[in-house]
Amino acid sequence: MREVFIAGVGLTKFGRYDGKKGRPRKLYPDLGGEAIAKALKYADMEWKEVEAAFGGTYYGGLGGTHQCVAKVGLTGIPIANVFSGHSSEAALRLAYTRVALGVHDIVLAVGAETLPSGLLDNQSMPVWMRMMGLDVIPAETACHAVRYMKDFGASLEDFARVTVMERKHAVLNPNAMFQKEVTQDEVLQSRMIATPLTLLMNCANADGAAAIIVCCRNKLRSQTKAVTIASIIQTSATYGTAFSGGSLSLSTKLKNPDSVELAAKQTWETSGYGPGEMDVIQIYDPFSPSFLWNVEKCGFCKPGEAPRLLKEGYFEIGGKIPANTDGGIMGRGHPTGATGIAQVAEIFFQLREEAGPRQVKGAKIGFAQGGGAGPQTVITVLKR
Amino acid sequence: MREVAIAGVGLVKFGRYDGQKGRPYREIYELGAEAITKALKYADMEWKEIQVAYGASMFGGLGVPNQCTSRIGMPGIPITTLEGACSSSQQAFRQAYYDVANGLYDVALAFGTEKIPPGLIADTLAPVWMLMMGFNLPGMYAIETRRYMEESGATEEDFAWVAVMERKNAIMNPNAFWYQAPELTIEEVLNSREVATPIRFLMACANADGASAAIVCSKEKLKSKSRMVTVVASSHATASYGYDNLGIKIREKGNPTCTELACKQVWEASGYGPEDMDVIQLYEAMAPSFLWDAEQCGFCKPGEAAKLVREGYFEINGKKPANTDGGLLGRGHPTGATGLAQVIELFLQLREEAGPRQVPGAKIGFCHCSGGGPNGVCHILKR
Numbered sequence: 001m002r003e004v005f006i007a008g009v010g011l012t013k014f015g016r017y018d019g020k021k022g023r024p025r026k027l028y029p030d031l032g033g034e035a036i037a038k039a040l041k042y043a044d045m046e047w048k049e050v051e052a053a054f055g056g057t058y059y060g061g062l063g064g065t066h067q068c069v070a071k072v073g074l075t076g077i078p079i080a081n082v083f084s085g086h087s088s089e090a091a092l093r094l095a096y097t098r099v100a101l102g103v104h105d106i107v108l109a110v111g112a113e114t115l116p117s118g119l120l121d122n123q124s125m126p127v128w129m130r131m132m133g134l135d136v137i138p139a140e141t142a143c144h145a146v147r148y149m150k151d152f153g154a155s156l157e158d159f160a161r162v163t164v165m166e167r168k169h170a171v172l173n174p175n176a177m178f179q180k181e182v183t184q185d186e187v188l189q190s191r192m193i194a195t196p197l198t199l200l201m202n203c204a205n206a207d208g209a210a211a212i213i214v215c216c217r218n219k220l221r222s223q224t225k226a227v228t229i230a231s232i233i234q235t236s237a238t239y240g241t242a243f244s245g246g247s248l249s250l251s252t253k254l255k256n257p258d259s260v261e262l263a264a265k266q267t268w269e270t271s272g273y274g275p276g277e278m279d280v281i282q283i284y285d286p287f288s289p290s291f292l293w294n295v296e297k298c299g300f301c302k303p304g305e306a307p308r309l310l311k312e313g314y315f316e317i318g319g320k321i322p323a324n325t326d327g328g329i330m331g332r333g334h335p336t337g338a339t340g341i342a343q344v345a346e347i348f349f350q351l352r353e354e355a356g357p358r359q360v361k362g363a364k365i366g367f368a369q370g371g372g373a374g375p376q377t378v379i380t381v382l383k384r
Numbered sequence: 001m002r003e004v005a006i007a008g009v010g011l012v013k014f015g016r017y018d019g020q021k022g023r024p025y026r027e028i029y030e031l032g033a034e035a036i037t038k039a040l041k042y043a044d045m046e047w048k049e050i051q052v053a054y055g056a057s058m059f060g061g062l063g064v065p066n067q068c069t070s071r072i073g074m075p076g077i078p079i080t081t082l083e084g085a086c087s088s089s090q091q092a093f094r095q096a097y098y099d100v101a102n103g104l105y106d107v108a109l110a111f112g113t114e115k116i117p118p119g120l121i122a123d124t125l126a127p128v129w130m131l132m133m134g135f136n137l138p139g140m141y142a143i144e145t146r147r148y149m150e151e152s153g154a155t156e157e158d159f160a161w162v163a164v165m166e167r168k169n170a171i172m173n174p175n176a177f178w179y180q181a182p183e184l185t186i187e188e189v190l191n192s193r194e195v196a197t198p199i200r201f202l203m204a205c206a207n208a209d210g211a212s213a214a215i216v217c218s219k220e221k222l223k224s225k226s227r228m229v230t231v232v233a234s235s236h237a238t239a240s241y242g243y244d245n246l247g248i249k250i251r252e253k254g255n256p257t258c259t260e261l262a263c264k265q266v267w268e269a270s271g272y273g274p275e276d277m278d279v280i281q282l283y284e285a286m287a288p289s290f291l292w293d294a295e296q297c298g299f300c301k302p303g304e305a306a307k308l309v310r311e312g313y314f315e316i317n318g319k320k321p322a323n324t325d326g327g328l329l330g331r332g333h334p335t336g337a338t339g340l341a342q343v344i345e346l347f348l349q350l351r352e353e354a355g356p357r358q359v360p361g362a363k364i365g366f367c368h369c370s371g372g373g374p375n376g377v378c379h380i381l382k383r
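Each protein sequence line maps, in turn, to chains E and R. Going by this note's numbering, the first sequence wraps up at 384, each residue one higher than the last. Going by this note's numbering, the second sequence wraps up at 383, each residue one higher than the last.
None of these hints come from the bench; they were simulated from the model. None of the values given here were measured: they were computed from a predicted structure. A few of these clues could be false.
As the list claims (entries may be wrong) - Straight line, CA to CA, 25 Å or less: simulated DSS-like cross-link-like pairs of lysine-lysine:
#1 R:LYS249 - E:LYS71
#2 R:LYS48 - E:LYS265
#3 E:LYS71 - E:LYS20
#4 R:LYS249 - E:LYS48
#5 R:LYS221 - R:LYS48
#6 E:LYS302 - E:LYS364
#7 R:LYS48 - E:LYS255
#8 R:LYS225 - R:LYS41
#9 R:LYS219 - R:LYS363
#10 E:LYS71 - R:LYS253
#11 E:LYS383 - E:LYS265
#12 R:LYS253 - E:LYS48
#13 E:LYS48 - R:LYS264
#14 E:LYS48 - E:LYS38
#15 R:LYS48 - E:LYS253
#16 E:LYS265 - E:LYS320
#17 R:LYS38 - R:LYS13
#18 R:LYS223 - R:LYS38
#19 R:LYS264 - R:LYS38
#20 E:LYS302 - E:LYS41
#21 E:LYS302 - E:LYS255
#22 R:LYS13 - R:LYS221
#23 R:LYS41 - R:LYS223
#24 R:LYS225 - R:LYS319
What the hints assert, rightly or not - Here are some chain R residues the structure puts well away from chain E; computed CB gaps all over 10 Å:
#25 ASP18
#26 GLN20
#27 ASP99
#28 PRO117
#29 GLU150
#30 MET172
#31 THR197
#32 SER224
#33 MET228
#34 ALA233
#35 LYS253
#36 VAL359
As the list claims (entries may be wrong) - Label-pair ranges, simulated between beta-carbon atoms:
#37 E:LYS21 - R:GLY242: 34 to 42 Å
#38 E:VAL103 - R:PRO117: 32 to 40 Å
#39 R:ILE250 - E:PRO116: 27 to 35 Å
#40 R:ILE143 - E:LEU199: 44 to 52 Å
C-beta atoms are modelled at their ideal positions from N, C-alpha and C, and glycine is treated no differently.
Can you make the complete structure from the sequences, with help from the hints?
Structure follows, in structure tokens:
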């Protein structure tokens, strides 16, 4: 397998493009096209150099990637839609393998989304679960959160602290949806969505797009501060850890590693690195408690330790392992199809030392976790 | 790239699983799981031998492939959902093929599953403004058909001939929607109700439910090498400038269609030409598209296809047997499962397991699938 480099990244600002309250109206192909154009500009490449494209949206419907690409130009290249919910990182993985295996030299991965407002329909659950009302995503996470509180003594304040930290980081990121800090009290006192999760412990439905161009070494325009993909791993659920779509059917008896633990294990084995070597990390947290258990499952601390470390500022910019420096999903907003690539994009900016006020000094290796329907997990390790 | 063999295939009979009029009710993930189980059995493999899976569905929504596989077992392997409209599962097959060809994995699974609502299906591929103006799929085909009629002189009767041929083949295919159905006549097709002028009801494929699966692997992983079928080449192309997102030609002078582009690539990559093919699968969600596909894929000259259909050129005992399993018009069109069903028919033909519809001595086959995007996907298989 050859080395795969990230040539360029393009992000639109995450926010709302619904034409309401004075906000601009844009459809997801417009946003996707914009992100692709930015990535091309960053990479200093022309559109005709791109040999294949992978991408996807959650709510856009059919041919999401085709529609985004059509905004830039129709060149007849193979375009495949990876339809995996939150995980455009799965599209990046395919783009990566195609370059690594020498099938193509320059490949694009793109994710774009314009989300409806309110509770999202969880299409990944079997029909009977949806008919019984078990597909409310915050409720499903709430079950998980209650279990986590019981197992490790975590408190609502711990969950609130995740939001406070991510919103603090988001203020430093011009592409983030939220540009204002919140206090712990504000989080705790926001209205209840699914006990124990209050509104500000849930990510915001957002619109936005993200694109990445990957290539082999000799196609890179500039070798300075070149960022390579050290590993990219995708896993799905294992028996007893989830039933299509969620943690509701978590077994109390079986202790198989779930998709996150499995992906982390494979990541450390494949990349040759360990959690202690990561300079900056992106954890997947559509709900603030998921930050805590995901950071533990990925191996950055022991089970039950995350709330204490968080309180000590371990995961803040300037802390021991800076996490979600761009605001994470709680601060950046969650345009589902674009989130996976945005996770990786932030690591890219950090390693290139282009993260401005949120820069982690001397960051050389980074870790980005994405999740999606299935359930599935994709973990990418980048290094400079 | 190393040789990639097809170890096993599985099909769930295409039909209706909606629980109405005495028909069985089955969920989309049950259909998918059944196809996978059949493919495993055919390949004489265990589920735990599968290292990566690509699943496809057009209408199932998110995570449907995971719902299918979790009914068999949950080993934590990478499972990716691909959506390429009507070509979805052939794209899944292509990714599985690539992974094995390049040595990333040794055994890969591709599958497609679908349950389609009745009536006109929504084409969300069209831009919002077109949908708001009442644009629909038969309408799109009608526009293309009009142009084709003008350019080639084809008539409605020519389209009826295609429908009649395909239904005749489907009668012999136990997995087809129209298995053992009475043969059609030209008059019946021409007198069926109009859907979008000049396309009539019996010139359009039937919305169907069904699933298909195939396991590809390296040569070493095959349980038996007798009559081994390998994938010779794969190609995938999309629209180039001059076409809109639906594949409709909007510039007079211009580029090849995505079908022409994909075929050109697959002929170049394989070293074979249309004349070498013993059995072929063409994509025809609506009867007229059989004609222009046959031409664009290079099986005859532009404008010639209609005449050849009438001469029986594409029939099972003809010169170039096409859509021997009934094609989309006879097999039915569960969108997410169709692409792989084409591959499976070629596989069965090359293995000489196609029963009464067997093309004697078929050694090499070609399939082409189209899908919204537009996508053109081609594969060549050989024994």
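Here's how the hints hold up against the structure:
no. : hint                            : result
1   : R:LYS249 - E:LYS71              : holds, 17 Å
2   : R:LYS48 - E:LYS265              : holds, 19 Å
3   : E:LYS71 - E:LYS20               : holds, 24 Å
4   : R:LYS249 - E:LYS48              : holds, 21 Å
5   : R:LYS221 - R:LYS48              : holds, 13 Å
6   : E:LYS302 - E:LYS364             : holds, 24 Å
7   : R:LYS48 - E:LYS255              : holds, 19 Å
8   : R:LYS225 - R:LYS41              : holds, 16 Å
9   : R:LYS219 - R:LYS363             : holds, 18 Å
10  : E:LYS71 - R:LYS253              : holds, 21 Å
11  : E:LYS383 - E:LYS265             : holds, 18 Å
12  : R:LYS253 - E:LYS48              : holds, 20 Å
13  : E:LYS48 - R:LYS264              : holds, 19 Å
14  : E:LYS48 - E:LYS38               : holds, 15 Å
15  : R:LYS48 - E:LYS253              : holds, 22 Å
16  : E:LYS265 - E:LYS320             : holds, 21 Å
17  : R:LYS38 - R:LYS13               : holds, 12 Å
18  : R:LYS223 - R:LYS38              : holds, 15 Å
19  : R:LYS264 - R:LYS38              : violated, 34 Å
20  : E:LYS302 - E:LYS41              : violated, 42 Å
21  : E:LYS302 - E:LYS255             : holds, 16 Å
22  : R:LYS13 - R:LYS221              : violated, 28 Å
23  : R:LYS41 - R:LYS223              : holds, 11 Å
24  : R:LYS225 - R:LYS319             : violated, 29 Å
25  : ASP18                           : holds, 13 Å
26  : GLN20                           : holds, 16 Å
27  : ASP99                           : violated, 7 Å
28  : PRO117                          : holds, 13 Å
29  : GLU150                          : holds, 24 Å
30  : MET172                          : holds, 33 Å
31  : THR197                          : holds, 25 Å
32  : SER224                          : holds, 28 Å
33  : MET228                          : holds, 23 Å
34  : ALA233                          : holds, 13 Å
35  : LYS253                          : holds, 15 Å
36  : VAL359                          : holds, 30 Å
37  : E:LYS21 - R:GLY242: 34 to 42 Å  : holds, 40 Å
38  : E:VAL103 - R:PRO117: 32 to 40 Å : holds, 37 Å
39  : R:ILE250 - E:PRO116: 27 to 35 Å : holds, 31 Å
40  : R:ILE143 - E:LEU199: 44 to 52 Å : holds, 48 Å
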